[in-house]
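Chemist: Residue 309 is where the sequence shown starts when you use the working numbering, and the numbers rise one by one after that.
Keep in mind that the hints were calculated from the coordinates and are not lab data.
Remember, it's a predicted structure, so these values are computed and weren't measured experimentally.
Among the hints, erroneous ones may be present.
As the list claims (entries may be wrong) - Distance windows between CB atoms, simulated:
#	residue 1	residue 2	range
1	A343	R376	30 to 38 Å
2	F367	I334	32 to 40 Å
3	Q354	L333	40 to 48 Å
4	Q339	N364	47 to 55 Å
5	L356	I334	50 to 58 Å
6	Q381	M351	49 to 57 Å
7	T341	R363	29 to 37 Å
8	T341	S368	53 to 61 Å
9	D352	E329	31 to 39 Å
10	A335	Q365	26 to 34 Å
The C-beta atom is built at its ideal place from N, Cα and C for all residues, glycine as well.
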Amino acid sequence: QSEQGKSAETDLSAASVTNAELAALIAALKQTTEALQGQNRRMDEQNLRLDRLERNQRFSRNNSPPRRTPTSQSPPCQETVRQRRPALERIEQPGKKRDHV
């Protein structure tokens with residue numbers, strides 16, 4: 309029983325000292341909480357700014373004409389075919405050179 313009495317006394321004296329420390333600790337925790345909440349607000353504001361910037365970049369990229377992706381493997385357009393010589397001219401040309409030689 310004497311051991312239990314000693315532990316009870318030390319518990320009470322520790323508790324009386326701890327009450328003042330607890331008050332200081334609670335005050336410090338409140339300050340820390342307020343500081344963290346302020347940081348969270350700043351981070352939220354920064355995240356909103358970043359979201360706006362990303363949206364603006366997406367919209368500015370969309371101002372350029374859309375890229376057309378080929379829908380099927382079709383032959384080239386007629387305009388590009390006109391620029392080339394017809395197949396017959398290419399075949400006949402070496403024959404003409406041989407005739408002149």
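Chemist: Tell me the hint numbers this structure goes against, listed in increasing order.
Modeler: 1, 2, 3, 4, 5, 8, 10
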